[in-house]
Each structure stands twice: as C-alpha cells, then as structure tokens.
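Respectively, the protein sequence lines represent chains A and B.
For the first sequence, the residue numbers in the numbering used here are 23 to 210.
For the second sequence, the residue numbers in the numbering used here are 12 to 115.
No lab work stands behind these hints: they were computed from the structure.
All values reported here derive from a predicted model rather than from experimental measurement.
Please note that the accuracy of each hint is not assured.
Claimed, not checked - Not everything, but these chain B residues come out facing chain A in the computed CB check (under 10 Å):
1) E15
2) L18
3) R19
4) A20
5) P24
6) R25
7) M36
8) R38
9) A62
10) A65
11) F66
12) Q99
13) Q100
14) K101
15) V103
16) D106
Unchecked claim - The calculated label-pair distances, taken between Cβ atoms and stated as ranges, are:
17) A:D110 - B:I53: 42 to 52 Å
18) B:D13 - A:V179: 40 to 50 Å
19) A:H95 - B:A55: 23 to 33 Å
20) A:L52 - B:Q74: 57 to 67 Å
21) B:I53 - A:V81: 14 to 24 Å
22) B:A64 - A:Q114: 16 to 26 Å
Every residue, glycine too, gets a C-beta built ideally from N, C-alpha and C.
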Amino acid sequence: MEAVEPEADEAAWLRRARIGDAAAFRELLLAHQARVFSIALRFTGRRADAEELAQDVFVQLHGALGQLADPAHLKHWLLRTVSHRCIDRLRQQQRRPRLLPIEALQGAGEAAASSDAQGDPLAGMRLRGLLLQLAPDPRAVLLLRFQEDLDPSDIAVVLDMPLNTVKSHLRRSLDWLREQVAGDNHGY
Amino acid sequence: MDIEEHLRAALAPRQPRPGFDERVMTRLRVGKPVPVRRSWRIAAALAATLAGAAFALHWQLVQQRERQAGQQLLLALQITSSELNQVQQKLVHLDTTHAQENGS
Numbered sequence: 023m024e025a026v027e028p029e030a031d032e033a034a035w036l037r038r039a040r041i042g043d044a045a046a047f048r049e050l051l052l053a054h055q056a057r058v059f060s061i062a063l064r065f066t067g068r069r070a071d072a073e074e075l076a077q078d079v080f081v082q083l084h085g086a087l088g089q090l091a092d093p094a095h096l097k098h099w100l101l102r103t104v105s106h107r108c109i110d111r112l113r114q115q116q117r118r119p120r121l122l123p124i125e126a127l128q129g130a131g132e133a134a135a136s137s138d139a140q141g142d143p144l145a146g147m148r149l150r151g152l153l154l155q156l157a158p159d160p161r162a163v164l165l166l167r168f169q170e171d172l173d174p175s176d177i178a179v180v181l182d183m184p185l186n187t188v189k190s191h192l193r194r195s196l197d198w199l200r201e202q203v204a205g206d207n208h209g210y
Numbered sequence: 012m013d014i015e016e017h018l019r020a021a022l023a024p025r026q027p028r029p030g031f032d033e034r035v036m037t038r039l040r041v042g043k044p045v046p047v048r049r050s051w052r053i054a055a056a057l058a059a060t061l062a063g064a065a066f067a068l069h070w071q072l073v074q075q076r077e078r079q080a081g082q083q084l085l086l087a088l089q090i091t092s093s094e095l096n097q098v099q100q101k102l103v104h105l106d107t108t109h110a111q112e113n114g115s
C-alpha cells in the first residue's frame with residue numbers, strides 16, 4: 023500500500039532532501055514509488071521496464087529537488103516526468119513490432135487481490151490489455167484520470183495538452199473500451 | 012459496474028518489488044542503473060556464450076579430424092598407388108623376360 027503521510031511531513035522531507043538529507047529523500051521516494059511505478063507499469067506492460075523507468079524518474083528528481091517548492095509541486099513534477107518519459111519510450115517502441123507482454127495483463131502478484139476485489143479479475147485483465155492497445159497520448163490521459171484520479175484540467179497541465187484534446191481522448195477512449203467490452207460480452 | 016469503475020479497479024496502484032528505494036539510493040551513489048532481476052539474465056547470457064564457444068570448439072575439432080582423415084586417406088592412396096606401380100613394373104619386366112626366353 024502507498025504510504026499516506028500528512029502533507030506537513032512531506033514538506034519537511036522535501037526541505038531536508040533539498041539540503042542533501044538522504045533519509046528524507048528516501049521518505050519521499052517511499053511515498054511516491056507506487057504512483058510512479060504503476061504509471062510506468064501500465065505504460066510499458068513489463069515490470070523490469072517499469073522498474074528501470076521509475077528509477078530514472080527518481081534519479082532525475084534527486085537532481086531537480088531545488089526547483090520544487092512544495093509537495094503539490096513535487097507530485098505534479100513526478101506525474102509530468104513519468105508520463106512524458108513513458109510516452110517517449112512508447113513512441114520509440116511503436117516504431118518496431120513488439121509482442122503484447124503477458125505481465126501487462128496479469129494481476130502481477132501481490133496486489134492482484136486488491137485491484138480485482140471490486141470487480142471481475144478477467145475484466146481487469148481485459149481492460150489492462152486493451153489499455154496497451156491505445157496510442158501513447160490517450161493511454162496517458164486514461165491512466166492519469168483513473169489511476170491518479172486527476173481532473174481533465176489537471177491532466178491537461180501535466181501533459182501539456184489542450185483541455186479539449188484531453189476531453190476528446192477521454193471520451194473516445196472510453197467509447198472504444200465500451201465497444202470492445204460489449205463485443206466480448208456478445209461474442210461466442 | 013460502469014466501465015469507469017472497472018478501470019479504477021483495474022488500474023489500482025502497484026508497488027514495485029521490495030527494495031526499490033534501496034536500488035534507487037544505490038544508483039544515486041553509483042551513478043548507473045541497478046537492475047532488479049539482472050542476475051538470471053547475466054547467467055543466461057553467460058550460459059549462451061559458453062554453449063556457443065563449446066559448439067565452435069567442437070566444430071573446429073571435427074573439422075580438424077576430417078582434414079587429418081582426408082590427408083591420411085590421400086597418403087594411403089598414394090602409397091597404394093606407388094606399390095601397385097611397382098608390382099605392375101615387375102609384372103611387365105617378368106613378362107618381357109619370359110617372352111625373350113621363349114623367343115630364344
């Protein structure tokens with residue numbers, strides 16, 4: 023589970039991390055690792071790739087601590103950085119053919135029960151698989167909307183995207199997902 | 012359940028493998044990526060390299076043996092041919108001698 027800490031603690035960790043306190047930086051890392059890793063996992067579909075990408079983000083964060091004013095800014099920076107890195111990587115991968123990774127569809131071990139508790143495990147696998155078929159931009163929009171629960175206006179800021187484009191991606195992606203799921207239900 | 016609720020459930024945050032924070036901190040100290048599951052990859056790459064090297068060595072030995080066998084066969088044929096020539100020359104010589112004796 024993600025560590026839930028009061029914002030005051032996070033502000034203190036950020037202040038201490040900025041002056042080189044490694045323990046404080048580790049606390050920030052622990053507080054945000056699930057957020058960053060999950061976005062990378064849903065984007066890449068591979069745990070090893072997601073781990074590497076998430077490491078890259080935190081290493082970059084370490085060098086950017088001086089630019090971050092407060093915890094809200096930190097969260098925004100992390101979401102923005104991981105999303106853009108994921109989109110860039112996905113665009114590079116889409117230039118060459120690749121197989122759909124099975125890890126992307128599975129419940130991936132320890133957290134499977136928590137994610138599928140609210141619904142059908144097969145439906146969860148199917149949705150994760152469908153998500154991997156989306157283009158980079160709509161995939162990022164859906165992840166930020168339904169994993170991070172961001173509003174379309176926040177997503178627009180994080181992704182440097184016009185608000186109408188975000189709304190359009192959301193609407194079209196959801197329509198497409200509904201069609202795919204309905205197709206499954208009406209299949210033989 | 013609506014598709015949006017399904018999505019929220021399917022996209023619940025996941026934790027990385029244990030020790031992620033330590034790997035990041037190590038990477039900050041060392042300055043290069045710290046892989047989480049690289050050991051089996053290194054072992055697999057090493058095994059593949061060793062297998063390739065063993066196969067190449069074996070192939071080289073087989074080729075060498077074939078070359079040696081070919082050379083030995085050639086030598087044996089040369090010896091046989093030489094001996095046959097000698098026998099043939101003796102037969103011709105004997106034949107000529109007999110003919111001269113009968114003629115005289």
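Q: Given the range 14 to 24 Å, decide if the beta-carbon distance of I53 (chain B) to V81 (chain A) lies inside it.
A: Check passed, 22 Å falls within 14 to 24 Å.
Q: With a cut-off of 10 Å on the beta carbons, see whether A65 (chain B) makes it to chain A.
A: violated, 29 Å
Q: Return the status of the interface hint for P24 (chain B): holds when the least beta-carbon distance to chain A is below 10 Å, violated otherwise.
A: Holds, about 4 Å.
Q) Quick one, is the F66 (chain B) hint okay against chain A at 10 Å, beta carbons? A) violated, 28 Å
Q: Answer holds if the nearest beta-carbon of chain A is closer than 10 Å to that of E15 (chain B); otherwise answer violated.
A: holds, 7 Å
Q.
For the restraint on A20 (chain B), tell me whether the closest CB of chain A is nearer than 10 Å.
A. holds, 4 Å
Q) Should the hint that L18 (chain B) touches chain A count as held when the rule is a Cβ pair under 10 Å? A) Cβ of L18 (chain B) sits 4 Å from chain A, so the hint holds.
Q | Distance restraint hint 42 to 52 Å, applied to the beta-carbon atoms of D110 (chain A) and I53 (chain B) | A | violated, 28 Å
Q. Do the numbers back the hint for D106 (chain B), that is, is its least Cβ distance to chain A under 10 Å?
A. violated, 80 Å
Q: So, M36 (chain B) near chain A? Judge it on the closest CB pair being under 10 Å.
A: holds, 6 Å
(Q) Quick check on a hinted range of 23 to 33 Å for H95 (chain A) and A55 (chain B), using CB atoms only. (A) violated, 43 Å
Q. If you take the shortest Cβ to Cβ gap from R38 (chain B) to chain A, is it below 10 Å?
A. R38 (chain B) check passes; min Cβ-Cβ to chain A is 6 Å, inside 10 Å.
Of the hints listed earlier, those the structure fails to meet are numbers 9, 10, 11, 12, 13, 14, 15, 16, 17, 18, 19 and 22, in rising order.
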